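J.: Spelled out, the chains give:
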Amino acid sequence: MARFRAPLFVQPAHYRLRRRRDAARLLPVVGAFLFLLPILWAPAQSFRRDTAPDGIFLFVAWGGLIALALITARSLSAPGAPTDRDPEDEAEAAFDADHGDNS
Amino acid sequence: MTARVLLIEDEPNICEAIRFILSRDGCDVTTLCDGTGMAEAMRKGMPDLVILDLMLPGMSGMEILAQLRADPATHALPVMMLTAKGQGRDREAAERAGVNMFMTKPFSNDDIRAAVRHLTAR
Amino acid sequence: MPFNILVAACVAYVICLFLVAWVVERRADRGQIGWLRSPLVYTLSLSIYCTAWTFYGAVGYAARSGLEFLTIYLGPTLVFIGWWWILRKLVRIGRQQRVTSIADLISSRFGKSNLLGVIVTVIAVVAATPYIALQLQSVTQSFGAFASPTQDGFAPPDTESTAIWVAAGLALFTIIFGTRNLDAKEQHHGIVIAIAVEAVVKLVALVGVGVFVVWGLADGPADIIARIDASDIADWDLQPGRWAGLIFVSAAAVICLPRMFQVMVVENGDERHLFTAAWAFPLYLFAMSLFIVPIAVVGLERLPSSANPDMFVLTLPLAEGQGTLAMLAFLGGFSSATSMVIVESIALATMVSNHIVMPIWLRLRPSQAVSGDVRRLVLLSRRFSIAAVLGLGYAYYRMSGGSTALAAIGLIAFAGVAQFLPAMLFGIFWRGATRVGAALGLSVGFGVWAYTLFLPSFGPNAVIPAMVFVNGPFDIDWLRPRALLGVDSMDPLIHSLFWSLVLNTATFLLGSLLTFPGPVERMQSAAFVRVFDAAASGPRGWSRGMAEPEELLVMAQRILGDDDALLFFEAEARGQGKLGYLPDPTPEFMARLERRLAGSVGAATAHAMISQLAGRAMVTVEDLMAVASESAQIMEYSARLESQQSELTRTARALRDANEKLMQLSVQKDAFLSQISHELRTPMTSIRAFSEILTEGDLPPDMVTNYGRIIHDEAKRLTRLLDDLLDLSVLENGSVQLNLGLTNLGEMIDRALAAASNTKPERSFLIHRDLPMENIFLRTDADRLVQVFINLISNARKYCDAATPELKITVRQRAGRVTIDVIDNGSGIPSVSQGIIFEKFARLTDQTRAGGAGLGLAICREVMANLGGTITYLPGQGGAAFRVSLPLRLEREAA
Chain Z
1 MARFRAPLFV
11 QPAHYRLRRR
21 RDAARLLPVV
31 GAFLFLLPIL
41 WAPAQSFRRD
51 TAPDGIFLFV
61 AWGGLIALAL
71 ITARSLSAPG
81 APTDRDPEDE
91 AEAAFDADHG
101 DNS
Chain B
104 MTARVLLIED
114 EPNICEAIRF
124 ILSRDGCDVT
134 TLCDGTGMAE
144 AMRKGMPDLV
154 ILDLMLPGMS
164 GMEILAQLRA
174 DPATHALPVM
184 MLTAKGQGRD
194 REAAERAGVN
204 MFMTKPFSND
214 DIRAAVRHLT
224 AR
Chain Y
226 MPFNILVAAC
236 VAYVICLFLV
246 AWVVERRADR
256 GQIGWLRSPL
266 VYTLSLSIYC
276 TAWTFYGAVG
286 YAARSGLEFL
296 TIYLGPTLVF
306 IGWWWILRKL
316 VRIGRQQRVT
326 SIADLISSRF
336 GKSNLLGVIV
346 TVIAVVAATP
356 YIALQLQSVT
366 QSFGAFASPT
376 QDGFAPPDTE
386 STAIWVAAGL
396 ALFTIIFGTR
406 NLDAKEQHHG
416 IVIAIAVEAV
426 VKLVALVGVG
436 VFVVWGLADG
446 PADIIARIDA
456 SDIADWDLQP
466 GRWAGLIFVS
476 AAAVICLPRM
486 FQVMVVENGD
496 ERHLFTAAWA
506 FPLYLFAMSL
516 FIVPIAVVGL
526 ERLPSSANPD
536 MFVLTLPLAE
546 GQGTLAMLAF
556 LGGFSSATSM
566 VIVESIALAT
576 MVSNHIVMPI
586 WLRLRPSQAV
596 SGDVRRLVLL
606 SRRFSIAAVL
616 GLGYAYYRMS
626 GGSTALAAIG
636 LIAFAGVAQF
646 LPAMLFGIFW
656 RGATRVGAAL
666 GLSVGFGVWA
676 YTLFLPSFGP
686 NAVIPAMVFV
696 NGPFDIDWLR
706 PRALLGVDSM
716 DPLIHSLFWS
726 LVLNTATFLL
736 GSLLTFPGPV
746 ERMQSAAFVR
756 VFDAAASGPR
766 GWSRGMAEPE
776 ELLVMAQRIL
786 GDDDALLFFE
796 AEARGQGKLG
806 YLPDPTPEFM
816 ARLERRLAGS
826 VGAATAHAMI
836 SQLAGRAMVT
846 VEDLMAVASE
856 SAQIMEYSAR
866 LESQQSELTR
876 TARALRDANE
886 KLMQLSVQKD
896 AFLSQISHEL
906 RTPMTSIRAF
916 SEILTEGDLP
926 PDMVTNYGRI
936 IHDEAKRLTR
946 LLDDLLDLSV
956 LENGSVQLNL
966 GLTNLGEMID
976 RALAAASNTK
986 PERSFLIHRD
996 LPMENIFLRT
1006 DADRLVQVFI
1016 NLISNARKYC
1026 DAATPELKIT
1036 VRQRAGRVTI
1046 DVIDNGSGIP
1056 SVSQGIIFEK
1066 FARLTDQTRA
1076 GGAGLGLAIC
1086 REVMANLGGT
1096 ITYLPGQGGA
1106 AFRVSLPLRL
1116 EREAA
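Residue numbers (my numbering), protein chains in the order written: chain Z, 1 to 103; chain B, 104 to 225; chain Y, 226 to 1120.
The hints are simulated quantities; they were obtained by calculation from the structure and are not laboratory data. The structure presented is a predicted model; accordingly, all values stated were derived computationally and were not measured. Be aware that one or more of the hints could be misleading.
Label-pair restraints from in silico Cβ distances [said to hold, decoys possible]:
#1 Y:263 <-> Z:15: 39 to 45 angstroms
#2 Z:29 <-> Y:704: 35 to 41 angstroms
#3 B:177 <-> Y:929: 37 to 43 angstroms
#4 Y:930 <-> B:217: 28 to 34 angstroms
#5 Y:925 <-> B:217: 21 to 27 angstroms
Taking lysine to aspartate or glutamate and the DMTMM-like style, the derived pairs with C-alpha atoms no more than 20 angstroms apart in a straight line are [unchecked claim]:
#6 Y:894 <-> Y:788
#7 B:188 <-> Y:895
#8 B:147 <-> B:174
#9 Y:314 <-> Z:54
#10 Y:1023 <-> Y:987
#11 Y:337 <-> Y:788
#12 Y:894 <-> B:193
#13 Y:985 <-> Y:975
#14 Y:985 <-> Y:1031
#15 Y:1023 <-> Y:975
#16 B:188 <-> B:174
#17 Y:941 <-> Y:952
#18 Y:894 <-> Y:957
#19 Y:941 <-> B:119
#20 B:188 <-> Y:1064
#21 Y:1023 <-> Y:1064
#22 Y:894 <-> Y:975
#23 Y:1023 <-> B:174
Ideal Cβ placement from N, Cα and C applies to all residues, glycine included.
Put together the whole structure using the sequences plus the hints.
T.: Now the structure itself:
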């Protein structure tokens, strides 16, 4: 059986594309971190009037995420950027393909 | 006695032949070439026999026969039918319609003489 | 505001929506989809997530619990900005597998299991019930809030009858809207656009109220912040469990809610729309949430403490005398509720009809059904499902009392649909997920949710006795609905969410690990988990890894069709002693599969495909050439088959025609023979009679002469008849020999007139001719043409009944053809007979016969056909008129 051999280095364009995909994958993680951050400073235990500042923080984080999503989505949907993985990506992106059965 | 025969036949030569044969045999023959003059000929004198051609212009032999059989005056009048088609179907139809004799053309003179004698002997 | 004006406004609004949808469907039917399928419309249609809960409930939520309401929008935001992970895959799978609902997705992933379809449908319907009740409650409350202050118009009915009218109206509207037609892809262009319009209305309304509050009632953002700090909700009481749990459950809900799945996956027209929705939908949520806290704070500040905070969006502008803004807010809330109810009930109705009604019906009536029948049944079952779903919603509204906070009701539904999450996520990411695991997980999760959250939501003693809440069922303490295993410190919602999802996931994983999937299941798992691999165009996708039986099966199914491929694989597996599983890819099996595939796609193609799957070799140029030529051959073969097929059809038709013609001919032949018999016997009768008379002798000499002449004439007539018959038979067979040559038309007419003058020579005709026109040379068979003219002229001499008979012969020449008209001044041929005069033996009257047998015109017709011309009767020429038309130059190989 011939396993696909990933090339050691890929072209810069491909490299950029893959990093943009990484960014797209990373974005929800960042978002989750930011949205869960208020738990850390535990507003319930403080007696500060924190609804306004925390609200502002959440909305700013939210807006920032939307802007980042816009940038990544735009860069990924730019003409020429394939929407599917190409084989070169396979070697790196082993997340969403489960090889559990017998490979 | 002389038998009176009414002959209805559209073919002039056949008409002439039958008239000649029957006249020589002592019959009084009246000829018509289609059915239109029949009623008048009947008025002049009721014939003892009607000889009909099957294929006639205008009214066909079968229609004339039906007319004769429908009229009480001529209901029992002997009728002889002549045809050149000679198909069994026609013969059956004519017999059903009440024809007394059916004769296929061409016929021999003796046959027609015998038939007329038979039908007029009463 | 009078109640009747409100009702009129709602009805007018709904009619507008209906018109929009109707126009769009008309356009879509004509194929003019265009901008209707833009990313913007897709994003706006997703805003169906924001229901009356958002529009009215969010403010109430904020007024009660501060910033916690944001969790409902932060969860979906995470899902959408993380679209690369889940949404992209869901949409791709949905499009590739033609998924029609979330029930279809899960049932299809686990081997097209109908049991799973039923489970998911039941959960979805039950979980949607409180959600629909929420919409009814909010619309009812908004009617109450809006209509009560004034006394004019008719008095608003009590809330219960308002709710039932709202439910009935929405049901009717949805039935008219959503079940007008049936689409295999379950896409509803018109509704998507109507939803998009409603999305704009509710955004404009909520932002409008927000702007009025921030800049109209307060002095801008800084003042609002000051007011927030001064308000009751200034100190945000964040509960970490609820905060994280609600973000999670709303994230789950946004992909699991039947209506979200419907607009996000089923109605998706283009995967690339996700690129826009990924940021635009969070932006929409952002805009919807931005003014919630200001409205809540100002509402708490200005309105009496008895006012329901869920209605602040409506009552705040109303209290400030902003009638127009209040009306806009009212319509916005109405929009939110209607769009949710429409899409939710359509999605649920699709699931009910596809997964419950249809299977039952098919089982009850196994006979071949007419498709129209099924269609009617499906539409009918959907209409009933829509009515039933709304009826359940109304029942829940009545049972729960209609006074609970909107957000609390909505969260019950969220937790319910979140039960789909493990089956769905593991299903699309893990090959090992099995049908048994999914069924167990879903059932357990649903049961726990119902026991700990859904049934208690009706209140103590409604469904579950109050004692059970305190002591547990049968006094089993650790089974208390609100404190499973004695965990009583949790918020009830989080408690239920935690236990239902943990037990759901645990049983799902356990079930999956312990059971073995069937062949279809394994195949579907490959198709789902590796959806992007399969789509990677060309054979490249197959080049990875060794040949797995699933991959072989997928490929075989594509080529052989589902059933055949499955049968083949089952037989192979039986041969290997592995009943119920897929066969191992042994060399023998591969060879047999290749042969089997070769029968469908050709040997080279089959070999190339198997080689690719087995990873043995790359496809070479030769392989590709062979594949190409094979496909060409297959196409050629099928084209040939097609042409043979049509040739067979043609032959069959020709045979049928020939048979009919034969039957007609047989009838004609009988008539013809009968005629021949008559025509032969008539002269023979005369001949025989007269010859016998002559034989008998003793006749005067003149009679002998006369009778001899009759015999002679009749014999001649017989001969002529036989000649005509032979001539006709030769002409009809087309075996006639034509003597083509150049002859002057005038000379031919001269000859014909001379010959025809023998007929009835006693009659003198006045002949009109056009000699200059006749002076043309024709290349034709002169003797035959003269025969035709003789016939026509003789006929005229025989049958023209005018006292001074005349005959006119005119000639015309046009476009390489000559037309000769022969017209007499008699009474002509009656129109009833004109059709038959060219038939054999068609003698019209025997009175003036001159020995013709009635074959003359039949012969003329055949002659003219042989000369490349025609002969026709010209009616209305003041006499019998025949037109002969023939080519000037007959081009045929000279005989």
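J.: Hints first: check each against the structure and report whether it holds.
T.: So, going through the hints one by one against the coordinates:
1. Y:263 <-> Z:15: 39 to 45 angstroms: violated, 33 angstroms
2. Z:29 <-> Y:704: 35 to 41 angstroms: Taking Cβ atoms as reference, residue 29 of chain Z and residue 704 of chain Y lie about 38 angstroms apart, which means the hint holds.
3. B:177 <-> Y:929: 37 to 43 angstroms: At 38 angstroms between Cβs, range holds.
4. Y:930 <-> B:217: 28 to 34 angstroms: 29 angstroms Cβ-Cβ, so the 28 to 34 angstroms window holds.
5. Y:925 <-> B:217: 21 to 27 angstroms: holds, 26 angstroms
6. Y:894 <-> Y:788: violated, 58 angstroms
7. B:188 <-> Y:895: Holds, because 11 angstroms separates the two Cα atoms, which is no more than 20 angstroms.
8. B:147 <-> B:174: Cα-Cα ~17 angstroms, so holds.
9. Y:314 <-> Z:54: At roughly 34 angstroms apart (the allowed maximum being 20 angstroms), residue 54 of chain Z and residue 314 of chain Y break the hint.
10. Y:1023 <-> Y:987: Holds, at about 11 angstroms.
11. Y:337 <-> Y:788: holds, 14 angstroms
12. Y:894 <-> B:193: holds, 17 angstroms
13. Y:985 <-> Y:975: At roughly 18 angstroms apart (the allowed maximum being 20 angstroms), residue 975 of chain Y and residue 985 of chain Y satisfy the hint.
14. Y:985 <-> Y:1031: holds, 14 angstroms
15. Y:1023 <-> Y:975: holds, 19 angstroms
16. B:188 <-> B:174: Not satisfied, since the Cα-Cα distance of roughly 28 angstroms exceeds 20 angstroms.
17. Y:941 <-> Y:952: Holds - the C-alpha atoms of residue 952 of chain Y and residue 941 of chain Y are around 16 angstroms apart, at most 20 angstroms.
18. Y:894 <-> Y:957: With Cα atoms ~14 angstroms apart, residue 894 of chain Y and residue 957 of chain Y stay inside 20 angstroms; holds.
19. Y:941 <-> B:119: holds, 18 angstroms
20. B:188 <-> Y:1064: Cα-Cα ~19 angstroms, so holds.
21. Y:1023 <-> Y:1064: Answer holds: residue 1023 of chain Y to residue 1064 of chain Y is near 18 angstroms, not above 20 angstroms.
22. Y:894 <-> Y:975: Outside the cut-off at roughly 37 angstroms; violated.
23. Y:1023 <-> B:174: With a Cα-Cα distance of about 38 angstroms, the restraint between residue 1023 of chain Y and residue 174 of chain B is violated, given a limit of 20 angstroms.
When the structure is compared with the earlier hints, violations turn up for hints 1, 6, 9, 16, 22, 23 and for no others.
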